[in-house]
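2 protein chains.
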Amino acid sequence: MADPTDPRLTPLALSLPATVPFVGPEAQERARGKPFVARLGANESAFGPSPKAIAAMHAAAAGSWQYADPEAHDLRQAIAAHHGIDAAHIMVGEGIDTLLGNLVRLTVAPGDPVVTSAGAYPTFNYHVTGFGGILHTVPYAGDFEDPERLTARAAEVGAKLIYIANPDNPMGSHHGAATIQRMVSHVPDSCLLVLDEAYIDLAPEGTVPFIAPDDDRVIRMRTFSKAYGLAGARVGYAIGPRPLIAAFDRVRNHFGMARISQAAALAALRDQDWLGQVKAMVVAARDRLAGVARDNGLTPLPSATNFVTMDCGQDGAFARQVVKALGEAGIFVRMPFVAPHDRCIRVSCGPDDAIAAFAAALPQALSTARAAS
Amino acid sequence: MADPTDPRLTPLALSLPATVPFVGPEAQERARGKPFVARLGANESAFGPSPKAIAAMHAAAAGSWQYADPEAHDLRQAIAAHHGIDAAHIMVGEGIDTLLGNLVRLTVAPGDPVVTSAGAYPTFNYHVTGFGGILHTVPYAGDFEDPERLTARAAEVGAKLIYIANPDNPMGSHHGAATIQRMVSHVPDSCLLVLDEAYIDLAPEGTVPFIAPDDDRVIRMRTFSKAYGLAGARVGYAIGPRPLIAAFDRVRNHFGMARISQAAALAALRDQDWLGQVKAMVVAARDRLAGVARDNGLTPLPSATNFVTMDCGQDGAFARQVVKALGEAGIFVRMPFVAPHDRCIRVSCGPDDAIAAFAAALPQALSTARAAS
Numbered sequence: 001m002a003d004p005t006d007p008r009l010t011p012l013a014l015s016l017p018a019t020v021p022f023v024g025p026e027a028q029e030r031a032r033g034k035p036f037v038a039r040l041g042a043n044e045s046a047f048g049p050s051p052k053a054i055a056a057m058h059a060a061a062a063g064s065w066q067y068a069d070p071e072a073h074d075l076r077q078a079i080a081a082h083h084g085i086d087a088a089h090i091m092v093g094e095g096i097d098t099l100l101g102n103l104v105r106l107t108v109a110p111g112d113p114v115v116t117s118a119g120a121y122p123t124f125n126y127h128v129t130g131f132g133g134i135l136h137t138v139p140y141a142g143d144f145e146d147p148e149r150l151t152a153r154a155a156e157v158g159a160k161l162i163y164i165a166n167p168d169n170p171m172g173s174h175h176g177a178a179t180i181q182r183m184v185s186h187v188p189d190s191c192l193l194v195l196d197e198a199y200i201d202l203a204p205e206g207t208v209p210f211i212a213p214d215d216d217r218v219i220r221m222r223t224f225s226k227a228y229g230l231a232g233a234r235v236g237y238a239i240g241p242r243p244l245i246a247a248f249d250r251v252r253n254h255f256g257m258a259r260i261s262q263a264a265a266l267a268a269l270r271d272q273d274w275l276g277q278v279k280a281m282v283v284a285a286r287d288r289l290a291g292v293a294r295d296n297g298l299t300p301l302p303s304a305t306n307f308v309t310m311d312c313g314q315d316g317a318f319a320r321q322v323v324k325a326l327g328e329a330g331i332f333v334r335m336p337f338v339a340p341h342d343r344c345i346r347v348s349c350g351p352d353d354a355i356a357a358f359a360a361a362l363p364q365a366l367s368t369a370r371a372a373s
Numbered sequence: 001m002a003d004p005t006d007p008r009l010t011p012l013a014l015s016l017p018a019t020v021p022f023v024g025p026e027a028q029e030r031a032r033g034k035p036f037v038a039r040l041g042a043n044e045s046a047f048g049p050s051p052k053a054i055a056a057m058h059a060a061a062a063g064s065w066q067y068a069d070p071e072a073h074d075l076r077q078a079i080a081a082h083h084g085i086d087a088a089h090i091m092v093g094e095g096i097d098t099l100l101g102n103l104v105r106l107t108v109a110p111g112d113p114v115v116t117s118a119g120a121y122p123t124f125n126y127h128v129t130g131f132g133g134i135l136h137t138v139p140y141a142g143d144f145e146d147p148e149r150l151t152a153r154a155a156e157v158g159a160k161l162i163y164i165a166n167p168d169n170p171m172g173s174h175h176g177a178a179t180i181q182r183m184v185s186h187v188p189d190s191c192l193l194v195l196d197e198a199y200i201d202l203a204p205e206g207t208v209p210f211i212a213p214d215d216d217r218v219i220r221m222r223t224f225s226k227a228y229g230l231a232g233a234r235v236g237y238a239i240g241p242r243p244l245i246a247a248f249d250r251v252r253n254h255f256g257m258a259r260i261s262q263a264a265a266l267a268a269l270r271d272q273d274w275l276g277q278v279k280a281m282v283v284a285a286r287d288r289l290a291g292v293a294r295d296n297g298l299t300p301l302p303s304a305t306n307f308v309t310m311d312c313g314q315d316g317a318f319a320r321q322v323v324k325a326l327g328e329a330g331i332f333v334r335m336p337f338v339a340p341h342d343r344c345i346r347v348s349c350g351p352d353d354a355i356a357a358f359a360a361a362l363p364q365a366l367s368t369a370r371a372a373s
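These protein sequences, in sequence, are chains A and B.
Going by the UniProt record's numbering, the residue at position 232 of the first sequence is 232; the numbering climbs one at a time, nothing skipped.
Going by the UniProt record's numbering, the residue at position 24 of the second sequence is 24; the numbering climbs one at a time, nothing skipped.
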C-alpha cells in the first residue's frame, strides 16, 4: 500500500484505490500450490495462435536485441490492407488495455464524465478512474448492453466517452450491425464512442457494423488476443479518424511494443485460414460447453464470443462458490462482477480435454456450492 | 496532427507537441529504400541476448495464447534474489520508458517542477511534459551530469523529481558510487531521485552505489535492454521503497507485458556467464571504436556504457552532417541533441563487422561534412 501521506504522490494518485482489475490465474496457482488443470477463465484462445505466428516468433527471437519499429509500420500497413482503409486510421498498441489507457488520457480530464454499462469491462473503468474521470453507468437490458440508454445518458451528463463492447463481455451477447450503426448516429456532439470489438472475429455474420474510418464519432478497438490466440504477445489496434489516431503519438510509449509481438501479429493476420479453423473450433466448443451447462441444470446464454456465460439460477454468492469450488478442483473460470449478472459463471472455449475436465468437475462444484448456501 | 479544436481532447492533450522522442531506424531505412549495413545508433546490444534467453523464447512462443502473469512473480523473485533484497522492493514493467511514465504519472501533477540535465534522456522529458510537469534543466559540468547542481536546483524550485542517469547517456561518462551516495544525501524533502542505471552493468567496478532499497529518497531503474541484449522484449525494473513500488499498482497496465518477454528476461538473468562475455566484448568494442575515432581525428570520450561518444571538434551542424552522411552510407548512429554535446556523434558497440563497416564509412562521411560546412 502506498503511504497516503507521501507528499510526493499527486492528489489524484493518493485518491486511487490500490485494487487491480483482475487477479491473474498464476497467483491462484501459487496459492493452491499447483497449476490449474484447465485454464478457461480469461477468454484466452487455448487453441493457440497460428503455427505461422509461432514460427515467426521463433524466427524473430534472436533479433530481440533490437527495439521494435516504433511506428509498427509493416503491421499497420497489413492491418490497413486487411480492412481496405488507409494506415493513417490505424494505431497499433500493446493490447487494447494500453490503447484504452492512452485514449482516456487524451480525452478525460479530472472530473470529466464517462458512460459505460454497469458490469462492463473493469479495465476501462480502471483507466477512467485512474485519470480522474467520473463513471456514470446504465444497466444492461437483460443480458444485453443498452445502446439507447448509453447514448441518452451520455447526452444527459455531457460525457466525453461512451464505452460499449460488441460482442459483450462478460455476457457473450451481441447486437447486429444496424443497432450499432443507429447507436453511432445518436452519439452526442463532443462525445466519442469507444466500440470495443475484441470478440468481433468470433461473432455471427451481420455483426460488424459499417462505420467509415473517418467517422468522427467512433473509435474501434480490435485485438490479436482473442481469436488470433496471442493474448500474451500484447497486440491490439484502434481504428479511427486520422486526427484522433495521430493524437496517440503525443502520449503513447513509442517503443513499448515487443519486436517479436509485431512479427507474431503480422504472421497471424496473414493466416486467415487458421482464423477460420479457430472460429469453427470455437463454435463447436460453445456447443459442447452449452451441453455441459444443460446437463448440470444451468442455462447457457447464447454467445457471440469465445466463452459461454452460464446462468446458475441463483445469486452472486452461489456463483462465487461455484467458481471457488471449480478453482479448487483445478478449473480456472471467472464470473461477472456485478448483479444481476453475477448469477452466472463464465467459461472460455478450449480444446476437448479442457472442456472434459470442466465437465468432470462441475457436478461436484455445484454440490459444494449448494451445501455452502 | 490532432485537430487543435477537437473539444474531446483534454486541454493538456491539446497543449502537447506532436513530436516524438526518437525516430526509429526502420523509418530511416524505409526512406532510404534499403536496410542499414550497421545498426549502431540506439545502444542496443548487437552481441545479442544469451542463447539461453533465445531458447526460452522459443520454448515460450507456443504458449503466447496465455496472458503473462500480471505480477511477473517468478521474474520479480529472481531479480530480488539477484540483488539480495525483498521482491516488495521491485516493480517489473515494459522497459524503463514505461516505468518512467508510470512514475511521472504518480508524482507529477500539472505545474509540478521536475529537474534534469540539459541534454539528458528525452523520453523522461516527454513523460514529464506529457503529464503537465514543468522541466527545469541544469547544464552538464563538461561531459558529466552535475549532481550538486541538480539537487541544488531541485531545492530551489521545489522539484518533485530529479532525474540522473549513471552512467550517463548520451555522453558515456559516469560518477563513482561515493558521488551518487552523496547526491542522495542532498535530495530535498518532498523530492524523489530517479537514478537511471540502464548502463550500470557495463560500468567499471566501484560505480554501483550502496543505497538501501527502503531508502525513501531514491528509485532506481534497471533494464534488460542494454547489456542483457533484450531491448525488443521490453523488460525493465524499478528498485525502491515498498510504498512507492506498491503505488505503481494503482496506475500500471497490469497485463501489459509480453509473456515471452518474462521468460526471456528470467533466462537472461540466470545466465550471468553470458553477461560477463558481453561485458568483455563491449570493452573490446569500445577500444576498437576509440581507435577508429582517433584514426579519423576525432576524440573518443571515456565510456562506462556500450557506446562511445566521439567529439568531432566542431559544432552541432557539422556533427549532424556526419550522422547524415553515415546514414546515407548505411551506418545508423545518433548524436546528442543539445549544445555543447551536439559537437559529438554517438556510436554503439557491436561486433567486428559492424565496427569495420563504420570505420570504412567514416572518412568519407567526415569529408562530406567538411565540404558541406
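Keep in mind the hints are simulated off the structure, nothing from the lab.
Watch out, some of these pointers could steer you wrong.
For identical chains, the list gives no copy identity; a pair is met inside one copy or between any two copies.
Straight-line alpha carbon distances no greater than 20 angstroms define the calculated SDA-like cross-link-like pairs of lysine to any residue that follow [to be verified]:
| # | residue 1 | residue 2 |
| --- | --- | --- |
| 1 | Lys279 | Ala290 |
| 2 | Lys279 | Phe248 |
| 3 | Lys279 | His82 |
| 4 | Lys279 | Arg320 |
| 5 | Lys34 | His73 |
| 6 | Lys52 | Gly63 |
| 7 | Lys324 | Pro35 |
| 8 | Lys52 | Ala62 |
| 9 | Lys279 | Gly297 |
| 10 | Lys324 | Ala371 |
| 11 | Lys279 | Asp315 |
| 12 | Lys52 | Ala178 |
| 13 | Lys34 | Glu71 |
| 14 | Lys279 | Thr207 |
| 15 | Lys34 | Asp74 |
| 16 | Lys34 | Ala13 |
| 17 | Lys279 | Phe337 |
| 18 | Lys34 | Val187 |
Discussion item. Going through the numbered hints above, which ones does this structure break? Give me the numbers in ascending order.
Written reply: 2, 4, 9, 11, 12, 16, 17 and 18
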